[in-house]
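*Asks:* Which chain is which? The protein sequence lines are A and B, in order.
So in this note's numbering, the last one in the first sequence is 654, and the numbering has no gaps at all.
So in this note's numbering, the last one in the second sequence is 654, and the numbering has no gaps at all.
Derived from the structure by calculation, the hints contain no laboratory data.
Hints may contain errors.
As the list claims (entries may be wrong) - The list that follows gives simulated cross-link-like pairs (lysine-lysine, BS3-like), each with its CA atoms no further than 25 angstroms apart:
id : chain 1 : residue 1 : chain 2 : residue 2
1  : B       : 523       : B       : 290
2  : B       : 523       : A       : 547
3  : B       : 523       : A       : 347
4  : A       : 362       : A       : 426
5  : A       : 523       : A       : 547
6  : A       : 351       : A       : 362
7  : A       : 623       : B       : 347
8  : A       : 351       : A       : 367
2 protein chains.
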Amino acid sequence: MNLPLGFRYSATFAGIRKVMKDDLALIVSDTHAIAAAVFTQNRVVAGPVEVARRNVRAAPNRMRAILINAGNANCATKTSEKVAMETSRATAKAIGAKPEEVLPASTGVIGVELDARLIIDALPALVAGLSADRFDDAARAILTTDLVMKTANAQVKGARIAGMTKGSGMIHPRMATTLAFVMTDAVIAAGALRSALKRACEKTFNRISVDGDTSTNDTLAVLANGASGVRPRVTVFEAALTEVLESLARQIVKDGEGAKKLITIDVEGAASERAAEKIARSIANSPLVKTAIAGSDPNWGRILSAAGNAGVTFNPRHINIDFQGVPVCRGGLAADFSETELQAKLDEPECSVKFTIQGRGRGRARFWTCDFTEDYIRINASYRT
Amino acid sequence: MNLPLGFRYSATFAGIRKVMKDDLALIVSDTHAIAAAVFTQNRVVAGPVEVARRNVRAAPNRMRAILINAGNANCATKTSEKVAMETSRATAKAIGAKPEEVLPASTGVIGVELDARLIIDALPALVAGLSADRFDDAARAILTTDLVMKTANAQVKGARIAGMTKGSGMIHPRMATTLAFVMTDAVIAAGALRSALKRACEKTFNRISVDGDTSTNDTLAVLANGASGVRPRVTVFEAALTEVLESLARQIVKDGEGAKKLITIDVEGAASERAAEKIARSIANSPLVKTAIAGSDPNWGRILSAAGNAGVTFNPRHINIDFQGVPVCRGGLAADFSETELQAKLDEPECSVKFTIQGRGRGRARFWTCDFTEDYIRINASYRT
């Protein structure tokens, strides 16, 4: 991977996970970086999210590091915020930065006290291990029950963007936390980075669904340290960032717990993008739709019914639906198609659903979800212990 | 069962289902009945629902019959509304009523043409079979993949209320249709019946969830023929109606596809009933919560997180959560409880979750849902054919 200049990465096992596998990662920018981040909208917010939000606000132009632990969400405990502050402070000290220049993030079980000592004791080894080529080690350390590492990168006029993420929907025994960290050596202003992240996130991470839940710890952060000296046009940078985020978001859905298929849902012809997005989200979140696709069942009635529950007005007689490019519903009625042939096509690992409202509506939206299998229940229903 | 006077019931096999099992039911009031009904809020509405809604509006004081078929939803087809009108008209003729005095309802697969002929040809046998004691036959004929018949009844000052319902959430290969029909021989005015039904429904059928979906065919209708000559106070009648509807609604959840447990969720201390209901609904619809309870996992973090996604403001530090009466979370933090003992309690067929916001909020709501098991996926993911 062609990594952005001026960043180093490290990972170690601090004893937070029950299994001996790296559970602590550190990303350091050699110089001050511009930072932008979006966080969970859940009413219940983990301590590290509170601290990270404060720090990004306090030091948007001089972020130095991201400290991530897996195995404990550091949420809904007495010491949640205190632990996030203490460990950020210790990390800052170890790399010669100020406390607000470190962004903490956690993922794992909630309601269990996280011992700050475990992290603080691991810091010397973590910092000593920092290296420009340990990107993948960090990307692996932040995973929980993910089956695969998730990274993506792009080039933009000679500058580079590289991202890592974790999450596979409902993660037992943990919450469905999504974490994503993107590094770039492009030169970009803080305000422009914030807007670019917000818009790119809206079309990528906010358009995926494994189960419709939001975790207490969701964090997506971008650091831009300018080390390449390249200042791309903001629209060009945003396009490259969107490409990286889309790749990461799709990787999360593809690795959704128990999922066998990645489903892309396109809605077209709605009155507005917002209306299209609501319909797409309703289809993507319907267990009825997700189980049908798991069984390669071209049951378009479930799509129509899920769309009808989106809270958006449309005339059912103006609806066309396609599965895998095959028309299954035209004008709200069954189209003439071979069920057997389509079932075979739906056995593929990627499925597409297109929902079109006939007429002149310009609103369109794309959404990604995964199918819903018995494995998903098996994983999530086992005892926590 | 102590049945209301002046109603007769019948059921027969009309050849709509693939298996030879009664699929057509008829409920007749010997005299004109007051009618009130509530229907699906899905944007996609089946023909019989359109016709039923029109008829209840046209003849609220002289409804004579309800005609129900299972095996085909008569929805999203070219002839949907026409079939509903033709079969209502033929039924009216057969019992000596006007077309608008018959309320049609359908449940089954959507997008497949329903042949009106099948119903019309079955009508002579259906009408000939009408009898005051065939309530259960009708209640059985309206079932789809339900495992058990669902009926309930109450007495109110010497008048009687009897109801039947169907539905087990996601019903493969059909939609998640809920149908419920309640007969009473109490004397009650049309307006009072409508208000009583609306309020009773709000606290019962609108407070259950198997999967969060709404079908294109949902119908809940009450017929009051006054045959007992008893005129109970409206509040007393409403209480009895609520009791019948609550029993029917709980039976649906208990028979939810793949469900092994009935879960009762109580939310207290919210700012308003509406806020309490939103929190309860969010908990009830969370696959995260439903799979945890399937596995008898007292994972209160999932409850807290689901509540945090309800769109209601609360301070997480003011939250208490109890499972089966056992405190598991106090002030947003883990309470001291024996996980092993609680797991054993959660193995019972009925589970309770209590979510309390500390303080002086008076808003409370009760909601019912079921657990989420592998069987549910198995049933819903198989090929439709």
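*Asks:* None of the hints should be skipped; say for each whether it holds.
*Replies:* Comparing the hints with the structure gives:
1. B:523 <-> B:290: holds, 23 angstroms
2. B:523 <-> A:547: Violated, at about 31 angstroms.
3. B:523 <-> A:347: It is violated: about 38 angstroms lies between the C-alpha atoms, which goes past 25 angstroms.
4. A:362 <-> A:426: Violated - the C-alpha atoms of residue 426 of chain A and residue 362 of chain A are around 35 angstroms apart, more than 25 angstroms.
5. A:523 <-> A:547: Cα-Cα ~22 angstroms, so holds.
6. A:351 <-> A:362: Distance of about 16 angstroms is within 25 angstroms: holds.
7. A:623 <-> B:347: Holds: residue 623 of chain A and residue 347 of chain B sit about 22 angstroms apart, inside 25 angstroms.
8. A:351 <-> A:367: Holds. Residue 351 of chain A to residue 367 of chain A sits at ~17 angstroms (cutoff 25 angstroms).
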